[in-house]
Amino acid sequence: MIISASGLAVLVSVALAVTVAAPLLLLALLVRDLKRGELW
Amino acid sequence: MDVVESAILDPTVGWLILAGFSVLWIVLGWHLGRGAGQLDDYVLAGRNVGLALGTATVMATWVTSNTTMAAPQLALQMGVWGVVGYSLGCVGLFMFAPVARRIRRLMPAGYTSGDFIRLRYGHLAWRIFLAISLFYGLGWLVSMGMAGGILIHALTGIPYLHGMTVILGICVGYTLLGGLRAVIGTDFIQAFLILVGIVIIAVLAIQSIGFDEIHSAVLRERPELLNLLMPAAIMFLFNNLLFGVGEIFHSNVWWSRAFAFRTGVGFKAYTLAGLLWAPIPIVAGFIALATPALGLNVPAADMVGPMVAAEILGTTGAVLVLVMVFAALSSSLDSLLAATSILVVEDIYRRHFRPRATAAELKTATAWIILGLGVLTWFLCAPRVTTLAELLYFTGAFVASTIWPVIAGLFWHRATPGGAIAGMLLGIAAGLYGYFAVGFYVAALIGAAVSMAAVLVATLLSRSHFDWAALREEHPAASGGIA
Numbered sequence: 001m002i003i004s005a006s007g008l009a010v011l012v013s014v015a016l017a018v019t020v021a022a023p024l025l026l027l028a029l030l031v032r033d034l035k036r037g038e039l040w
Numbered sequence: 041m042d043v044v045e046s047a048i049l050d051p052t053v054g055w056l057i058l059a060g061f062s063v064l065w066i067v068l069g070w071h072l073g074r075g076a077g078q079l080d081d082y083v084l085a086g087r088n089v090g091l092a093l094g095t096a097t098v099m100a101t102w103v104t105s106n107t108t109m110a111a112p113q114l115a116l117q118m119g120v121w122g123v124v125g126y127s128l129g130c131v132g133l134f135m136f137a138p139v140a141r142r143i144r145r146l147m148p149a150g151y152t153s154g155d156f157i158r159l160r161y162g163h164l165a166w167r168i169f170l171a172i173s174l175f176y177g178l179g180w181l182v183s184m185g186m187a188g189g190i191l192i193h194a195l196t197g198i199p200y201l202h203g204m205t206v207i208l209g210i211c212v213g214y215t216l217l218g219g220l221r222a223v224i225g226t227d228f229i230q231a232f233l234i235l236v237g238i239v240i241i242a243v244l245a246i247q248s249i250g251f252d253e254i255h256s257a258v259l260r261e262r263p264e265l266l267n268l269l270m271p272a273a274i275m276f277l278f279n280n281l282l283f284g285v286g287e288i289f290h291s292n293v294w295w296s297r298a299f300a301f302r303t304g305v306g307f308k309a310y311t312l313a314g315l316l317w318a319p320i321p322i323v324a325g326f327i328a329l330a331t332p333a334l335g336l337n338v339p340a341a342d343m344v345g346p347m348v349a350a351e352i353l354g355t356t357g358a359v360l361v362l363v364m365v366f367a368a369l370s371s372s373l374d375s376l377l378a379a380t381s382i383l384v385v386e387d388i389y390r391r392h393f394r395p396r397a398t399a400a401e402l403k404t405a406t407a408w409i410i411l412g413l414g415v416l417t418w419f420l421c422a423p424r425v426t427t428l429a430e431l432l433y434f435t436g437a438f439v440a441s442t443i444w445p446v447i448a449g450l451f452w453h454r455a456t457p458g459g460a461i462a463g464m465l466l467g468i469a470a471g472l473y474g475y476f477a478v479g480f481y482v483a484a485l486i487g488a489a490v491s492m493a494a495v496l497v498a499t500l501l502s503r504s505h506f507d508w509a510a511l512r513e514e515h516p517a518a519s520g521g522i523a
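Protein chains in written order, with my numbering: chain A, 1 to 40; chain B, 41 to 523.
Just chain A, with the same shape it has in the complex:
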């Protein structure tokens, strides 16, 4: 049972999308924690 080219593309594209969103999310959380005084 061989994974198709489109199957591979979907797998990698989803993974890539989450990886792109990750630094943005971390930055948003950092700003939120800073505003609340909850960084440390």
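Everything labelled a hint here was simulated from the structure, so no lab data went into it. Some clues are possibly wrong.
[Claimed, not checked] A few chain B residues that don't get close to chain A, going by computed Cβ distances all over 10 Å:
(1) L68
(2) Q78
(3) R145
(4) A171
(5) G179
(6) L235
(7) S256
(8) L259
(9) F278
(10) L312
(11) G335
(12) I352
(13) E401
(14) F480
(15) A489
[Said to hold, decoys possible] Label-pair ranges, simulated between beta-carbon atoms:
(16) S4(A) <-> W408(B): 52 to 58 Å
(17) R32(A) <-> R424(B): 42 to 48 Å
(18) A469(B) <-> A28(A): 44 to 50 Å
(19) K35(A) <-> D507(B): 18 to 24 Å
(20) L416(B) <-> L34(A): 34 to 40 Å
(21) T404(B) <-> V31(A): 43 to 49 Å
(22) K35(A) <-> A477(B): 53 to 59 Å
(23) S13(A) <-> G412(B): 44 to 50 Å
(24) F278(B) <-> L34(A): 52 to 58 Å
(25) R145(B) <-> R36(A): 18 to 24 Å
(26) H392(B) <-> L34(A): 26 to 32 Å
(27) S13(A) <-> T398(B): 30 to 36 Å
(28) M1(A) <-> F476(B): 29 to 35 Å
(29) R503(B) <-> M1(A): 48 to 54 Å
Note that CB positions come from ideal geometry on N, CA and C, so glycine has one too.
Place chain B on chain A using the hints.
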């Protein structure tokens, strides 16, 4: 093909990059550590870490040399399931989320995973657990020290020993200066570098070769890598899941963060970090599947990731890979140095030799142990005796055998010391048998299964009722002096 001949970066450029980041981490470590006057500030970052820094430190620490180097290596050994299996390492983070919350609730003044095992199961189980934990911690340190040297050599031609010495020395330096505050603070920036770097490399790889070309080249030359029914790969998938759970559940790297996070943060930070970490091995591993399309001859399996990236992206790509993996290695090495040092100081130095040590003495001892661990790791890394994956997976049987003793001990009144000891010892024995008789990809699976059976049987037969209040032990040095 000689690795030095294949190096994309000039050694001078490599040295400049290493020097730049070394200065950055050291200055940051010093800056962040200025407020770490008390023992709790130095070893547990003041026990008040928020969600942003908490999530980033968990994610960055779990992105290790193994994610950036062994995941591509496994893609070429196990194919698609190897990559997906590697990403199941996130399950350990998800499962640890409720555990972190429980740890913070039951042991608000705890310091180490050893504290829990000692108070919950007694001294024999504690010593067995300590042996496992220290063996694994040292194995992880060595695998990353070696990875640093290998990667820098593959990308820049800088001799293995020099690269390994630099990366180890820098991590020891800033961890020594700032303790866990420095580790967590630098982890945030390192998480950013890792994520941005991996996105750029993957996007450029897809743009320059394309999914169809990569798929058809693998199908032509290594069709087994696309086979979703590859038996060894399926076993590896489950094995890796349990290995990851075992690594996280027993290791003081993750326990120390549970103690360090502000109340209410642990569950969210571990869950979010799992979500953000899961795609990284898939993206990193996918890059290795480009090898057949590129016609690359990879001289050593554990160099495939950086070599493919450098081949696709040229000098800029090589710089990016160097920066990204330097961040990945640093974020894990510093965490291990910090967590292992407090484990050694609290569970060995204080409990066995200096029960009345003051907070100041313990802080000084922690700094010396960080330095000592760095030196020991250097001596073990210097000969470069085995490949990364072999070294890593040898510990699978050991860590997987701790999963059930930890879970049962945290959540079930009836869990017993006998069950925990039997679970760890029988799990290790069975897992090691699997490692040598079948392969590295079943060691954790067998170890966890046997350990689970032993712990469950002992718990079901038990009539004991553990008092959770026994875990609320006051640390005599917590307020700055001895009791």
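Structure-based check of all given hints:
1. Against the 10 Å criterion, L68(B) stays outside the reach of chain A, whose nearest CB is about 14 Å from its own CB.
2. With a minimum CB-CB distance of about 13 Å to chain A, Q78(B) clears the 10 Å threshold, and the non-interface call stands.
3. Listed as outside the interface, R145(B) is consistent with that label: its C-beta sits roughly 19 Å from the nearest C-beta of chain A, beyond the 10 Å cut-off.
4. At roughly 34 Å, the least C-beta separation between A171(B) and chain A is larger than 10 Å, which holds for a residue marked as non-interface.
5. Every C-beta of chain A lies more than 10 Å from that of G179(B), the closest at about 28 Å, which supports listing it as non-interface.
6. Residue-level check failed: L235(B) sits 5 Å from the nearest beta carbon of chain A, not beyond 10 Å.
7. In this structure S256(B) is not separated from chain A by more than 10 Å, as the shortest Cβ-Cβ distance comes to only about 7 Å.
8. A beta-carbon of chain A is positioned within 10 Å of the beta-carbon of L259(B); the least distance is around 7 Å.
9. Against chain A, the non-interface label of F278(B) holds: every CB pair exceeds 10 Å, the least being about 18 Å.
10. Under the 10 Å C-beta cut-off, the non-interface status given to L312(B) relative to chain A is violated; the minimum distance is some 8 Å.
11. Distance check on G335(B): its Cβ is at least 19 Å (rounded) from any Cβ of chain A, clearing the 10 Å threshold; non-interface status holds.
12. Annotated as non-interface, I352(B) keeps its C-beta farther than 10 Å from every C-beta of chain A; the closest such distance is 15 Å.
13. At the 10 Å boundary, the C-beta of E401(B) stays outside the reach of chain A, the nearest C-beta of that chain being 25 Å off.
14. Non-interface status of F480(B) relative to chain A is upheld: no Cβ of that chain comes within 10 Å, the nearest being about 24 Å off.
15. With a minimum CB-CB distance of about 26 Å to chain A, A489(B) clears the 10 Å threshold, and the non-interface call stands.
16. Between S4(A) and W408(B) the CB atoms are about 57 Å apart, so this pair conforms to the stated range of 52 to 58 Å.
17. In this structure, R32(A) and R424(B) meet the distance hint of 42 to 48 Å, their C-beta atoms being roughly 44 Å apart.
18. Hint check: A469(B) to A28(A), Cβ distance near 48 Å, so the stated range 44 to 50 Å holds.
19. At about 42 Å, the beta-carbon gap between K35(A) and D507(B) misses the expected band of 18 to 24 Å.
20. Between L416(B) and L34(A) the beta carbons are some 39 Å apart, a value that agrees with the proposed interval 34 to 40 Å.
21. Look at T404(B) against V31(A): about 37 Å separates their beta carbons, and that is not inside 43 to 49 Å.
22. Distance hint check: the CB atoms of K35(A) and A477(B) are about 57 Å apart, consistent with the given range 53 to 59 Å.
23. At about 46 Å, the beta-carbon gap between S13(A) and G412(B) stays in the expected band of 44 to 50 Å.
24. One distance hint, 52 to 58 Å for the beta-carbon pair F278(B) and L34(A), is violated here, with the actual separation near 41 Å.
25. Checked against the hint of 18 to 24 Å, the C-beta distance between R145(B) and R36(A) comes to roughly 22 Å, which is consistent with it.
26. A hinted range of 26 to 32 Å is violated for the C-beta pair H392(B) and L34(A), which are about 42 Å apart.
27. S13(A) and T398(B) have their C-beta atoms about 56 Å apart, which leaves the hinted 30 to 36 Å range violated.
28. Restraint check, M1(A) to F476(B): a C-beta distance of roughly 31 Å satisfies the suggested window 29 to 35 Å.
29. Range check, R503(B) to M1(A): Cβ separation about 50 Å, and the 48 to 54 Å hint holds.
When each numbered hint is compared with the structure, violations occur for hints 6, 7, 8, 10, 19, 21, 24, 26, 27.
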